[in-house]
Amino acid sequence: MSSHQNPEGSTRIVAGQSTKPQNSAAKRKRALGIGIAAGLVALIAGGAAVASNLNRSPEAQPAAAAAAGTPAAELKLGYFGNVTHAAALVGVKEGFIAKSLGDTKLSTQVFNAGPAAIEALNAGAIDATYIGPNPAINSFVKSKGESVSIIAGAAAGGAQLVVKPEIAAAADLKGKTLSTPQLGGTQDVALRAWLASQGYKTGTDGSGDVAINPTENAQTLKLFQDGKLDGAWLPEPWASRLVLQAGAKVLVDEKDLWDGSLTGKPGEFPTTILIVSKKFAADHPDTVKALLKGHAESVAWL
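Basically the numbering used here = 1-based index in the sequence shown + 2.
Don't read these hints as lab results, they were simulated from the structure. Remember, it's a predicted structure, so these values are computed and weren't measured experimentally. Just so you know, even glycine gets a beta-carbon here, dropped at the ideal spot from N, CA and C. Hints may contain errors.
[Said to hold, decoys possible] Here are the simulated distance ranges between beta carbons: (1) T179 to A75: 41 to 49 Å; (2) K95 to Q247: 21 to 29 Å; (3) K144 to L246: 35 to 43 Å.
[What the hints assert, rightly or not] Capping the alpha-carbon separation at 20 Å, the derived lysine to aspartate or glutamate pairs in EDC-like fashion look like this: (4) K295 to D285; (5) K280 to E270; (6) K107 to D288; (7) K166 to E96; (8) K230 to D211; (9) K78 to D228.
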């Protein structure tokens with residue numbers, strides 16, 4: 003597993019080799035990819051509006067600052083303890099974000115998955131967060147575009163379905179129990195969409211042809227080691243940890259399901275983005291600009 007910086011300023015996560023699924027990636031692409039693409043277009047449009055406010059001409063900045071407020075006393079930032087959130091991990095540990103914020107205090111909160119982070123953002127417990135695209139899109143749609151804006155990309159790739167060694171193909175998954183980090187999260191949606199493309203039905207309560215029990219990543223490793231799970235669709239480093247520490251094997255590497263028709267680059271798909279509360283961005287544009295600077299320095303370090 004390794005990471006590479008993309009020209010766009012996000013990080014591409016590269017994991018191990020995979021056994022490709024036998025059924026169509028095209029179905030999976032239609033089920034998930036088009037939804038992600040459409041949602042991201044709307045979110046990015048909102049982010050573009052934020053960016054335009056952050057990059058006003060010098061002549062317009064004094065009036066804009068007076069109208070938009072002052073730098074925040076504190077920025078509350080969320081992220082996950084995953085390799086796909088390397089920009090956040092590095093930005094916090096190496097001090098890039100705190101330094102860019104200047105007099106604004108940086109407070110952080112670590113989440114297991116996106117739905118919990120979105121809930122915290124919408125409740126005002128955090129102001130910005132690194133997150134997967136699906137929870138961000140869901141929040142954007144439910145709020146009719148009023149909740150969040152994307153301000154940067156952070157990572158592409160780095161998610162896999164890892165399973166017990168005896169599971170050789172999608173056909174072997176009937177009656178099995180799989181896990182994802184959280185119901186409604188990016189990997190949860192990806193797994194359900196892929197299973198649907200293989201002809202399986204799943205329920206949010208664990209019912210269906212394949213049971214899906216959303217579980218925190220660390221618990222997933224233990225449950226798999228104890229034989230209580232047959233597999234999991236996980237971000238890195240957890241997918242690799244199940245392989246290395248629990249004897250799992252890769253059944254599906256999500257990069258194999260993306261042919262480039264939606265992203266422009268075969269094998270690349272959005273894993274992590276940086277979003278901000280629209281209200282916070284409107285009230286404290288200079289603070290958001292400083293956060294972006296720290297994020298860019300973190301990605302450059304990677």
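Verification of the hints:
1. T179 to A75: 41 to 49 Å: Hint holds: Cβ distance 47 Å, inside 41 to 49 Å.
2. K95 to Q247: 21 to 29 Å: The hinted range 21 to 29 Å holds for K95 and Q247, with Cβ atoms some 24 Å apart.
3. K144 to L246: 35 to 43 Å: 38 Å, holds
4. K295 to D285: 18 Å, holds
5. K280 to E270: 28 Å, violated
6. K107 to D288: 14 Å, holds
7. K166 to E96: Given that 20 Å is the threshold and the Cα spacing comes to 37 Å, the pair is violated.
8. K230 to D211: 17 Å, holds
9. K78 to D228: Distance of about 37 Å is beyond 20 Å: violated.
In this structure, the earlier hints numbered 5, 7 and 9 are contradicted, and the remaining ones agree with it.
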